[in-house]
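Visitor: Put together the whole structure using the sequences plus the hints.
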Amino acid sequence: MAAAQENTARVGGNGPSLTREQFMDAFHEMLLIRRFEEKAGQLYGMGLIGGFCHLYIGQEAVVVGIQMTLKDGDKLITSYRDHGQMLAAGMTPRGVMAELTGRATGYSHGKGGSMHMFSREKNFYGGHGIVGAQVALGIGLAFANKYRETDEVSVAYFGDGAANQGQVYESFNLAALHKLPCLFIIENNLYGMGTSVERASASHELWRNGEPWGIPGKRVDGMDIAAVHEAAAEAVAHCRAGKGPYLLEMMTYRYRGHSMSDPAKYRKREEVDQVRKTRDPIEHVRQILLDAGVSEDSLRKIEDDVKATVNDSAEFAQTSPEPDPAELYTDVLLEA
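Sequential numbering of the sequence shown, starting at 1, is according to the UniProt record's numbering.
Treat the hints loosely; a few may be bogus.
Computed list of lysine-lysine pairs in DSSO-like fashion (alpha-carbon distance at most 27 Å, straight line) [claimed, not checked]:
no.: 1; residue 1: Lys39; residue 2: Lys268
no.: 2; residue 1: Lys146; residue 2: Lys71
no.: 3; residue 1: Lys277; residue 2: Lys265
no.: 4; residue 1: Lys71; residue 2: Lys122
no.: 5; residue 1: Lys122; residue 2: Lys307
no.: 6; residue 1: Lys179; residue 2: Lys243
no.: 7; residue 1: Lys307; residue 2: Lys39
no.: 8; residue 1: Lys265; residue 2: Lys39
no.: 9; residue 1: Lys243; residue 2: Lys146
no.: 10; residue 1: Lys146; residue 2: Lys218
no.: 11; residue 1: Lys277; residue 2: Lys301
no.: 12; residue 1: Lys243; residue 2: Lys218
no.: 13; residue 1: Lys146; residue 2: Lys179
no.: 14; residue 1: Lys111; residue 2: Lys122
no.: 15; residue 1: Lys218; residue 2: Lys277
no.: 16; residue 1: Lys39; residue 2: Lys122
no.: 17; residue 1: Lys243; residue 2: Lys71
no.: 18; residue 1: Lys39; residue 2: Lys301
no.: 19; residue 1: Lys71; residue 2: Lys179
no.: 20; residue 1: Lys218; residue 2: Lys71
no.: 21; residue 1: Lys39; residue 2: Lys277
no.: 22; residue 1: Lys277; residue 2: Lys307
no.: 23; residue 1: Lys179; residue 2: Lys122
Note that these hints are calculated values from the structure, not bench results.
Guide: As structure tokens, this is what we get:
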């Protein structure tokens, strides 16, 4: 963890770059992701969610901070730890939870589940189960943006476990060669499945992985939403200006196992508890708001609203119908 402090983008001495209203919005969005994921974990335990389920608990500041710098038309693509990105992109909790439970009202009509959910309307191009594969697709989205002569950017999320995949480096090369407006985000939660990044990667400075192709990079405190926002704003501006891709390594942490089936015995309980106690991204924002004069009652109202939204999504999902068998034959071929 000591290396994570070097070259870390932090809020400057003049205070956070976000307004009080932005912190309030961020608190709501991060809390929505946290409570949604907790509910998804409950439904999985009840057998209402099948297959794989990878929760985003602990990493909320990354996607919310980045999303605050984007605009309509920007495109997102990510790995299988994808529910947080979906909600941050504006996909409804009802639609996401219905897809998790395999219902007809889900975003992929109950056929995609946790790892294969898409929304063209929200420019969310899916969670992907093949490690690192979404990065190559992400530069394809960036190529489309450049070809159409827009200033829209593509954001490709991947984890530290995918950072040394060959297709990731191939994507770096093509993105740099063609100056594609692609923002690469490494969500370094320190563990690829059950293996520490320190054991899996010869380089412990993943933010420098794009240097051979001239891609600028930065390491960011991914548990501090203001630091995430500040670094992302700089990176997005770089991409929009036609200067090519940018790489951000977000130092974050997941509180749960790799997936719901992972007991996470490869790390001590004390390690997780220490991060929760000292670096939790939601509690950090809560304290900023309290110090800024926001009342406990105001924050409690946000918490109550989020709880009601999440409970509604779970009820909607459980009462929605299962897909008609005829859905097996839809969305297979797109005819012009």
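Visitor: Now look at each hint and say whether the structure bears it out.
Guide: Status of each hint after checking the structure:
no.: 1; hint: Lys39 x Lys268; in the structure: 24 Å, holds
no.: 2; hint: Lys146 x Lys71; in the structure: 16 Å, holds
no.: 3; hint: Lys277 x Lys265; in the structure: 20 Å, holds
no.: 4; hint: Lys71 x Lys122; in the structure: 11 Å, holds
no.: 5; hint: Lys122 x Lys307; in the structure: 24 Å, holds
no.: 6; hint: Lys179 x Lys243; in the structure: 6 Å, holds
no.: 7; hint: Lys307 x Lys39; in the structure: 10 Å, holds
no.: 8; hint: Lys265 x Lys39; in the structure: 23 Å, holds
no.: 9; hint: Lys243 x Lys146; in the structure: 11 Å, holds
no.: 10; hint: Lys146 x Lys218; in the structure: 24 Å, holds
no.: 11; hint: Lys277 x Lys301; in the structure: 23 Å, holds
no.: 12; hint: Lys243 x Lys218; in the structure: 16 Å, holds
no.: 13; hint: Lys146 x Lys179; in the structure: 9 Å, holds
no.: 14; hint: Lys111 x Lys122; in the structure: 19 Å, holds
no.: 15; hint: Lys218 x Lys277; in the structure: 26 Å, holds
no.: 16; hint: Lys39 x Lys122; in the structure: 23 Å, holds
no.: 17; hint: Lys243 x Lys71; in the structure: 18 Å, holds
no.: 18; hint: Lys39 x Lys301; in the structure: 19 Å, holds
no.: 19; hint: Lys71 x Lys179; in the structure: 20 Å, holds
no.: 20; hint: Lys218 x Lys71; in the structure: 22 Å, holds
no.: 21; hint: Lys39 x Lys277; in the structure: 22 Å, holds
no.: 22; hint: Lys277 x Lys307; in the structure: 22 Å, holds
no.: 23; hint: Lys179 x Lys122; in the structure: 25 Å, holds
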